[in-house]
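Student: Assemble the whole structure, with the sequences as input and the hints as a guide.
Respectively, the protein sequence lines represent chains A and B. Residues in the first sequence are numbered consecutively from 1, following the numbering used here. Residues in the second sequence are numbered consecutively from 1, following the numbering used here.
Hints were generated in silico from the structure; no laboratory data involved. There may be inaccurate statements among the hints.
What the hints assert, rightly or not - Computed far set for chain B versus chain A, every beta-carbon distance over 12 Å:
#1 Val-32
#2 Tyr-37
#3 Tyr-44
Said to hold, decoys possible - According to the in silico footprint, chain B covers these stretches of chain A (three or more CB under 8 Å from chain B):
#4 407–420
#5 441–451
Stated by the list, open to error - If the Cβ cut is set under 8 Å, some of the chain B residues that face chain A in the computed set are:
#6 His-145
#7 Arg-151
#8 Glu-204
#9 Asp-254
#10 Tyr-331
#11 Ala-366
#12 Leu-369
#13 Ala-370
#14 Ala-441
#15 Arg-444
#16 Gly-454
#17 Pro-456
#18 Gly-457
From the three backbone atoms N, C-alpha and C, an ideal C-beta is built for every residue, glycine too.
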Amino acid sequence: MKIPSPFRRCAAPSLSRLRERAGVRALVLALALLPATAVAQTIAITGGTVALGDGSEPIPGGTVVIRDGRIAGAGVGIPVPRDAEVIDARGKWVTPGIVAGFSRLGLSEVDLSADGTTDDKAQNGPFSAAIDVAPAINPLTTTIPVNRADGVTRAIVAPNVARNIFAGQGAVIDLGADMDPITARRRFQFVELGEAGAATAGGSRASAHVLFRNALREAAELQRFAVPVSGGGAAEPGIERDPVIRDPNESRLTGPNARRSEDVLLTRFDAAALVPVLQGRQYLLVHVERASDILQVIRLGREFSGLKLVMVGVTEGWTVADQLAASGIPVIASAANDLPASFEQLAATWSNVGRMRNAGVKVAIGMIDDSDTRNLFNQRQYAGNLVALQKVPGATGVSWGEALAMLTSAPAEVIGLGGQLGSLRSGKRADVVVWSGDPLEMTSNVDAVWIDGVRQPLETRQTKLRDRYRDLAPGTLPEAYKR
Amino acid sequence: MTRRGGAIALSAALLAGCAGGAPPKKAAAIPVNEDPYPSTYRAYPGTPTVIRGATIFDGEGAQIDNGTIVLADGVVQAVGGPETPVPAGAFVVDGQGKWVTPGIIDVHSHLGDYPSPGTESHSDGNEATAPARPDVWAEHSVWPHDPGFSRALANGGVTALQVLPGSANLFGGRSVTLKNVPARTVQGMKFPGAPYGLKMACGENPKRVYGNKGGPSTRMGNIATTRATWLKAQAYKRKWDKYERDGGEMPDRDLAMDTLRGVLAGKILIHNHCYRADEMAIMIDLGHEMGYKVGTFHHAVESYKIADLLAKEGICSAMWADWWGFKMESYDGIKENIPFVDKAGACAIVHSDDANGIQRLNQEAAKALADGRRAGYNVSDAYAWRWLSFNPAKALGIVDRTGSLKQGKMADVVLWNGNPFSTYTRPDHVWIDGALMYDAANPRMRPVSDFELGQPGEGDVK
Numbered sequence: 001m002k003i004p005s006p007f008r009r010c011a012a013p014s015l016s017r018l019r020e021r022a023g024v025r026a027l028v029l030a031l032a033l034l035p036a037t038a039v040a041q042t043i044a045i046t047g048g049t050v051a052l053g054d055g056s057e058p059i060p061g062g063t064v065v066i067r068d069g070r071i072a073g074a075g076v077g078i079p080v081p082r083d084a085e086v087i088d089a090r091g092k093w094v095t096p097g098i099v100a101g102f103s104r105l106g107l108s109e110v111d112l113s114a115d116g117t118t119d120d121k122a123q124n125g126p127f128s129a130a131i132d133v134a135p136a137i138n139p140l141t142t143t144i145p146v147n148r149a150d151g152v153t154r155a156i157v158a159p160n161v162a163r164n165i166f167a168g169q170g171a172v173i174d175l176g177a178d179m180d181p182i183t184a185r186r187r188f189q190f191v192e193l194g195e196a197g198a199a200t201a202g203g204s205r206a207s208a209h210v211l212f213r214n215a216l217r218e219a220a221e222l223q224r225f226a227v228p229v230s231g232g233g234a235a236e237p238g239i240e241r242d243p244v245i246r247d248p249n250e251s252r253l254t255g256p257n258a259r260r261s262e263d264v265l266l267t268r269f270d271a272a273a274l275v276p277v278l279q280g281r282q283y284l285l286v287h288v289e290r291a292s293d294i295l296q297v298i299r300l301g302r303e304f305s306g307l308k309l310v311m312v313g314v315t316e317g318w319t320v321a322d323q324l325a326a327s328g329i330p331v332i333a334s335a336a337n338d339l340p341a342s343f344e345q346l347a348a349t350w351s352n353v354g355r356m357r358n359a360g361v362k363v364a365i366g367m368i369d370d371s372d373t374r375n376l377f378n379q380r381q382y383a384g385n386l387v388a389l390q391k392v393p394g395a396t397g398v399s400w401g402e403a404l405a406m407l408t409s410a411p412a413e414v415i416g417l418g419g420q421l422g423s424l425r426s427g428k429r430a431d432v433v434v435w436s437g438d439p440l441e442m443t444s445n446v447d448a449v450w451i452d453g454v455r456q457p458l459e460t461r462q463t464k465l466r467d468r469y470r471d472l473a474p475g476t477l478p479e480a481y482k483r
Numbered sequence: 001m002t003r004r005g006g007a008i009a010l011s012a013a014l015l016a017g018c019a020g021g022a023p024p025k026k027a028a029a030i031p032v033n034e035d036p037y038p039s040t041y042r043a044y045p046g047t048p049t050v051i052r053g054a055t056i057f058d059g060e061g062a063q064i065d066n067g068t069i070v071l072a073d074g075v076v077q078a079v080g081g082p083e084t085p086v087p088a089g090a091f092v093v094d095g096q097g098k099w100v101t102p103g104i105i106d107v108h109s110h111l112g113d114y115p116s117p118g119t120e121s122h123s124d125g126n127e128a129t130a131p132a133r134p135d136v137w138a139e140h141s142v143w144p145h146d147p148g149f150s151r152a153l154a155n156g157g158v159t160a161l162q163v164l165p166g167s168a169n170l171f172g173g174r175s176v177t178l179k180n181v182p183a184r185t186v187q188g189m190k191f192p193g194a195p196y197g198l199k200m201a202c203g204e205n206p207k208r209v210y211g212n213k214g215g216p217s218t219r220m221g222n223i224a225t226t227r228a229t230w231l232k233a234q235a236y237k238r239k240w241d242k243y244e245r246d247g248g249e250m251p252d253r254d255l256a257m258d259t260l261r262g263v264l265a266g267k268i269l270i271h272n273h274c275y276r277a278d279e280m281a282i283m284i285d286l287g288h289e290m291g292y293k294v295g296t297f298h299h300a301v302e303s304y305k306i307a308d309l310l311a312k313e314g315i316c317s318a319m320w321a322d323w324w325g326f327k328m329e330s331y332d333g334i335k336e337n338i339p340f341v342d343k344a345g346a347c348a349i350v351h352s353d354d355a356n357g358i359q360r361l362n363q364e365a366a367k368a369l370a371d372g373r374r375a376g377y378n379v380s381d382a383y384a385w386r387w388l389s390f391n392p393a394k395a396l397g398i399v400d401r402t403g404s405l406k407q408g409k410m411a412d413v414v415l416w417n418g419n420p421f422s423t424y425t426r427p428d429h430v431w432i433d434g435a436l437m438y439d440a441a442n443p444r445m446r447p448v449s450d451f452e453l454g455q456p457g458e459g460d461v462k
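Tutor: If you want it as structure tokens, here you go:
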């Protein structure tokens with residue numbers, strides 16, 4: 001029997017592919033005349049305080065070795081390869097790059113009143129679930145270098161809902177200075193089932209739930225009638241009929257043989273896009289905040305047992321933490337919600353993350369509807385603030401190591417990429433940041449960043465503006481000549 | 001007050017009537033009540049309190065290690081080293097390993113006007129029905145039960161704040177400065193004697209809001225409407241100045257013009273929402289043209305480009321540490337804006353404009369401090385605290401009463417459980433006018449708004 005490996009599409013690229021990518025990067029960088037960013041095959045970062053990002057506490061005097069775009073070793077007593085470029089990190093901290101747990105990074109240059117620069121939602125478009133953010137990601141949007149320069153190396157990128165509870169399919173991207181940003185395309189579908197879901201469903205949660213069920217029904221129907229394209233509906237001899245739909249754009253789903261009943265609300269493309277969700281081949285990220293909404297999602301997970309659910313937001317999660325933990329559904333939480341900003345967030349508290357974690361919920365940190373196009377670098381501030389709670393009577397904080405993990409390995413894990421990303425364990429993609437100090441302190445700055453083992457430029461439009469106006473004394477030419 | 005004004009009018013009329021054979025004299029001017037919604041705030045009773053052994057930032061730039069501070073009768077009695085004499089019987093707080101600072105003052109908040117929960121029915125911050133509405137007063141929108149006040153206190157160490165109207169309008173209306181002490185009414189929160197502010201706005205927002213509602217639809221339209229409104233105010237002021245000087249028939253009162261006349265008379269301070277350097281320069285000239293002074297530019301994302309001009313004009317900039325790019329006029333934001341403004345000798349303030357940001361202004365200042373140091377501007381932690389209390393107090397016209405830990409000033413004080421520029425630090429105790437308003441160790445000392453009573457999470461640590 002053929003057992004398809006889950007998420008094969010997103011499996012680790014081969015070494016040659018990595019080299020090829022690195023080559024592309026080097027070319028791009030050379031063209032951009034950026035300083036000293038040649039690809040080093042082997043790099044050893046020595047003497048720094050090394051935090052692996054897997055929940056463990058930081059290790060003083062550690063070494064991190066990068067070889068061919070991967071972590072070759074990290075910790076104490078790691079030998080420095082003879083051919084390595086050595087980076088002295090004494091007095092500094094070394095961590096995996098931050099993985100923005102929920103963002104709209106790369107989708108928006110300027111958010112408001114700047115026609116043509118925002119691609120996070122299609123308010124007047126005909127499609128919903130079929131939308132795939134990947135073609136809209138612009139690696140040259142200024143938000144990418146600004147976040148890269150502050151230690152963010154990967155991001156989970158979701159579309160925004162427009163006219164349907166299903167927003168579309170999100171990607172995982174890297175923030176490298178190259179034109180190849182996609183780490184995992186169509187990694188997940190994003191759906192709103194709380195207040196925002198109710199609003200887009202016509203005004204009630206009840207309506208959102210019916211729409212949700214109907215969408216899965218339409219996907220199931222399409223899946224059932226979909227047959228291999230070749231052979232005009234009958235399986236070709238020797239070719240096993242494969243009921244597994246990996247790509248929603250497969251012509252099996254959209255071709256003439258994929259029959260649908262008359263009773264449909266979704267376009268064919270949108271229904272087809274939900275087939276991999278239904279089959280558990282694509283994650284379903286569900287945004288809910290209120291305790292009762294969280295419980296409803298847990299029930300949906302039991303009813304549609306194939307779904308690979310991740311809950312997003314989850315401000316009131318702590319009030320139902322035991323049920324959440326028992327469900328096994330991981331959470332990308334808004335760490336900083338502590339106000340009853342809406343009636344679905346009445347129980348908001350900074351202790352939410354710690355309490356869910358203590359109950360056994362897998363928690364990552366994201367910035368849901370919180371400067372999600374651009375200020376992802378503030379996730380580390382939020383993580384530090386979670387650590388701060390350990391000193392506040394009655395509050396539930398998290399340890400330093402856990403807090404860092406919530407920014408690095410946890411977001412990668414909840415989206416099924418923990419094997420590749422998010423920690424300094426051997427074999428992981430070499431996304432590495434050297435910080436001037438403790439990375440959870442906002443007084444620490446980034447000294448160096450590698451993505452897939454490639455040293456990254458840290459210059460941004462902001463640093464160029466800074467340097468232009470650093471000295472306001474009148475010069476012999478206007479400022480426009482200064483760069 | 002209104003009643004008293006009436007009595008004066010009556011006696012003036014009687015006096016005029018008794019003047020006998022002299023030519024009929026004009027009736028003396030009836031004074032206008034300039035404080036019709038007076039503060040009813042009274043400091044809560046405090047216990048004489050001594051904090052010992054803490055690191056003290058006095059708010060004006062000085063740091064005292066192993067410091068002692070004495071609070072009694074609502075004011076700072078003494079600040080000094082371990083030798084500072086303390087009153088017998090005072091409540092003593094051990095400040096070892098902790099930091100003492102003046103309470104944070106946020107010059108830019110919409111708490112109460114855009115409260116939580118943010119339902120449409122609570123949206124009271126922009127009177128977006130005409131571009132010039134200096135007649136509206138932010139205090140008339142403040143919902144004192146906004147849970148945001150208590151978060152700003154307990155998590156942010158905020159002891160005073162200015163609530164401003166929004167920036168949809170060129171003239172947004174009057175602001176109000178509040179003590180961050182819960183009350184049943186906004187009057188119960190008003191900072192006694194704090195001058196009013198006038199919120200003005202330039203740039204994108206007014207033209208976006210009014211572009212399809214009769215204008216202005218351009219920046220030049222913004223400026224034209226602003227100038228025309230000031231010209232009216234000048235005429236109004238002439239009329240009223242004459243009346244107050246000479247008496248006679250009382251001119252019609254106009255609430256909008258009352259506010260602008262207050263500005264022209266120097267009684268009301270200007271808080272001008274403005275992002276771009278070029279627009280700030282125009283607003284500075286406009287102030288000169290019309291006879292008023294810009295007190296503070298708010299948001300001021302490009303202040304770093306004209307920090308020398310701002311220093312020369314004595315104008316404060318209230319800024320974020322790292323917000324940028326959410327609209328075109330914030331596109332050139334840099335992380336060194338705050339320190340670069342300070343470096344030029346201009347008045348730098350860290351502000352929030354946000355119910356979440358107000359809870360961590362100390363950390364926002366920490367970012368600015370670190371980015372400034374990285375860019376070569378080395379100032380001490382204690383000095384940087386000026387951006388959080390002294391400079392904002394100056395911008396609000398209350399620096400003679402609060403904003404630093406000087407003898408005789410209001411005892412608006414935060415004891416932090418670590419260095420307040422660390423993400424690992426939170427307030428331990430907060431005093432306002434010497435009264436303990438928050439104690440992290442005591443669940444009874446966590447304010448719970450009416451709205452939160454009987455709701456999930458009531459009284460929880462937030």
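Student: When the structure is checked against the list of hints, which entries are broken? Sort them ascending.
Tutor: 4, 6, 9, 15, 16
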